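Colleague: Here are the chains, one letter per residue:
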Amino acid sequence: MSGILDVLRRPDFFELLRQHVLLSVAALLIGIAIALPVALVVRNTALGAALAVNVGNIGRAVPSLAILALCQPFLGFGFDTALVALTALAIPPILINASTGLREVSTDVIDAARGMGHSGGQVLTLIQLPIAAPVVFAGIRTSAVQVVASATLATFIGGGGLGELIVEGTQLNDTSILLAGSFSVAVLAIITEVGFGALEKVFTPKGLKIAQKRGR
Amino acid sequence: MSSLALLLQDLSSIEDPRLVEWDWISENFWEDIVPAIQGHIYLSFVSVAIALAISLPTGVLVSRYRKAYPPVTFVTGLLYSIPSLALFGILISIPGITIGPTPVIIALVAYSLLILIRNTVAGLDAVPAETIDAARGMGLTSSQILFKVELPLALPVIVAGIRIATVTIIGIATIGAYIAGGGLGKMIFDGINRGFPTMIITGAVLATALAIVADLLLLALERYLRPWARRRRT
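In the order they appear, the protein sequences are chains V and Z. So the first sequence is residues 0 to 215, counted in numbering that gives the first Met the number 0. So the second sequence is residues 0 to 233, counted in numbering that gives the first Met the number 0.
Worth flagging that the hints you see were computed from the coordinates, not collected in a lab. For clarity, every value in this text was computed on a predicted model and none was experimentally measured. Where a beta carbon is used, it is the ideal one built from N, C-alpha and C, also for glycine. Mixed in with the good hints there might be a few duds.
[Stated by the list, open to error] Below, computed lysine-lysine pairings styled on DSS-like, alpha-carbon distance capped at 27 Å:
(1) V:K208 x Z:K66
(2) V:K212 x V:K200
(3) Z:K147 x V:K200
(4) Z:K66 x V:K212
(5) Z:K66 x Z:K147
[As the list claims (entries may be wrong)] Chain Z is faced by these chain V residues, among others (derived, beta-carbon under 7 Å):
(6) L177
(7) L178
(8) S181
(9) V184
(10) I190
(11) E192
(12) G194
(13) G196
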């Protein structure tokens, strides 16, 4: 046990943690910046939304190691390659949830808003986005957890991160290093899961919460 | 984002145009590639089968004794959120577990539990109470109701869970090659270590294809098991 703590006190531990967090946050933010606008563009056409969901579903089926490994021959080893791969991993869950979430806003509610004189933009910002927010956020949460987990694999293509400790531990056959790496990655993933779960509640509008309590 | 601009420059200056050497693929097809596919299917199939053998009874029990459901989802949810490489690392640190297919299968089973148990419970919950009442009125015993009414009606939802679990497992199994689990991941890792793109691309593309084929096959099964939904559509 003290061996594990020694590893956590190593000066390079914080550098690896920093790389891991930086990779994950950057990939998630770029992923959101790509997926959300696409979902907004396709929200009012059945064909576009179906296309976005299907592309997202195929994207989700691609194994994370396959995406990272496939980027390597084209982009070489390093942080940037890992960032591109993790961004590609971050997009599908957000794209799927944002497209379905926005599509599933009841047409009756939208009609009512139109009838009250809301413009297209107002319908989007006042009605569609708040109602879809929990679903969209659930997609961001799935994506965040997946990105943090997959960032562990960045080490295989020279991207750094906490996965390096796991690789080092396996290669040196050193259980302390192996467990220090494994536990810190696990804790980071669980913090992400729990933290985004809490944020998801914050992003649920009051009206929806009341509806959920009443069982709709 | 200047690094991104640099990256785009890198993209346009790929030195080796022969990323896929077809000669290598045809030479090693029967010796390396087919066994890797078989190994991958074996790992995934065994894991899903074991996970189902655990999840179905657990799901049925938990749907009856509702108090046990939150702790079960908590524990399986915790397992599910541990990144696979970390779980492999923890497993091979346990005395008595050596690298090889065993820890990979243990981890893959652990990852499937949450999805399979949740879908079993959701499927059983969706069976209408009137249907169960009618079955009881016809004189069926509790176990007859379970096996002849509830489980068949819950089957499409359970298969939907099997589908998600299978696709997830086929993906994670590639990482299992790092601790000598075999399968298509071994080609990816060997390719990275040797700096041989053909192996990386072959392994990655085949693993993706396997996941997509499994997804489509199980989707077809799910539709087949829901004849009422098909009929409504046409």
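Colleague: Which hint numbers doesn't this structure obey?
Modeller: 3, 10, 12, 13
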